[in-house]
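Engineer: Chain residues, written in single-letter form:
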Amino acid sequence: MRVDLQNPEPPTDDPRWRSVRTAMRRHGHQPNALIETLHAVQESFGYLEEEALQYVAAGLRVPPSKVYGVATFYHFFTLKPKGEHTCVVCTGTACYIKGAPEILEAIEQEFGVGPDQTGEDGKLSVLTARCFGSCGLAPAATFDGEVAGKLTPEQAVSRIRRLMDDDS
Amino acid sequence: MSTPSSPIRGPVEAPRQIRTLKIDGFDVSGRAEQTILQVALEHEIDIPRLCHVEGLSAIGACRLCLVEIRATGRLVPACVTRIEEGMEVITDSKRIQKYRRSLLELLFAERNHICAVCVANGNCELQILAEELGMDHVRVPYLNPDVPVDASHKQLAVDHNRCILCTRCVRVCDEVEGAHTWDVEGRGVDARIITDMRQPWGDSGTCTNCGKCVELCPTGALFEKGTCVAELERREFLPYLTAMRRTEQ
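Line order of the protein sequences matches chains A and B.
Under the numbering used here, think of the first position of the first sequence as 1, with each following residue one higher.
Under the numbering used here, think of the first position of the second sequence as 1001, with each following residue one higher.
Hints in this document: simulated from the structure, not taken from any laboratory.
Since the structure is predicted, the reported quantities are computational estimates derived from the model, not experimental observations.
Just to be clear, a hint being listed does not mean it is correct.
[Stated by the list, open to error] Cross-link-like lysine to any residue pairs, in silico, SDA-like; alpha carbons within 20 angstroms at most:
1) A:K80 / B:R1187
2) A:K66 / B:K1212
3) A:K66 / B:K1154
4) A:K66 / B:R1187
5) B:K1154 / B:A1230
6) A:K80 / B:R1198
7) A:K80 / B:R1192
8) A:K66 / B:R1139
9) A:K66 / B:R1198
10) B:K1098 / B:L1056
11) A:K66 / B:K1098
12) A:K66 / A:N32
13) A:K80 / B:Q1199
14) A:K66 / A:Q42
15) A:K150 / A:D166
16) A:K66 / B:I1059
17) A:K66 / B:H1180
18) A:K66 / B:P1200
19) A:K66 / B:Q1199
20) A:K66 / B:V1176
21) A:K66 / B:L1056
22) A:K66 / B:M1197
23) B:K1154 / B:D1203
24) A:K123 / A:L163
25) A:K66 / A:Q30
26) A:K66 / B:A1191
27) A:K66 / B:E1132
28) A:K66 / B:N1209
29) A:K66 / B:Y1240
30) A:K66 / B:G1202
31) B:K1154 / B:R1198
32) A:K66 / A:E49
33) A:K66 / B:T1208
34) A:K98 / A:T142
35) B:K1212 / B:L1165
36) A:K80 / B:G1186
37) B:K1098 / B:P1148
38) A:K66 / B:V1189
39) A:K80 / B:A1191
Start from the sequences and build out the full structure, keeping to the hints where you can.
Structural biologist: Laid out in structure tokens, this is it:
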């Protein structure tokens, strides 16, 4: 059997691989489409699993170590699945001074999820970012993509509580 | 050297043009496309360096080859700066030595460089430079990171405690061997060299076991198994000798 090196078969028959394949084809399977393709993977799967990295490496003919290096270099890419809800706390200078560490500590005490971690039940991910560019709102955080500013630790905890209660 | 991604800075003019300049007061000349480091080495002027190896692309990562340009007083890395006509380069001064020593101190503080128990003790470019440049103290706190040793490969091993991230292994594996088994994961203080998908070296599908990375490693991060002190075996020779003597008699 002849294996098509330029266009390897996706690891599973999951339909989400199609968009990854399209992204690679759109760039002519050029190695410089690596970041673009990783974006496509993260968009359709939510994170980059090792299988996906292998597939992208083979499809673009980029060494596996380089794919892994790029995927771990950029904070945007994550190799672990994210929780159902995401809270990003800004730890830029202004937010830091205005109390971002206290917010993170309050969240950790309440939900047991530290910075850059995902809870064991997969419900909540707490991330940190260095500056949203909303320093006037310091301390700021986003709750499932919604930006909230001038937060107190209590407000942050209750916002997350509300997100989780909406599910049940 | 003049690939589009080359980090070497400075004007690129018609090749084969000759430039004359002064390095440490000596009048020297070189081709327009050469770097300060290349010209200096051709004229037997040594400049300390850790990441640069002749034959691999220059990346200007270790910053130990910093030299001063007389006219501006700026410090530039000699391995990635092209020569210019009339340039006056100073490769050694109190100021440069101070910076080089600080750089070495930071390298020492970042991982666990304990020479006494290192495979490369006495044969380590980092150690030799520290001696040469008179780095007798480390004035920044040691990070003491908890980093692993990967001895899964059958002949070779990597000890991240000794790695200074010069990326010589990454470049030789890519540019000379063509395997690109090595790369760097993460960033900043979390950066580590990795094989393939950060899997054990022994499980790597791309490694050709060529050993070029080990040959180029400036420290004891990459080494051949069986070369460290703890692995040395004493051979029992006296019983054989006495037995031989007895049979002869």
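Engineer: Which hints, by number, does the structure contradict?
Structural biologist: 3, 8, 10, 11, 15, 27, 29, 37
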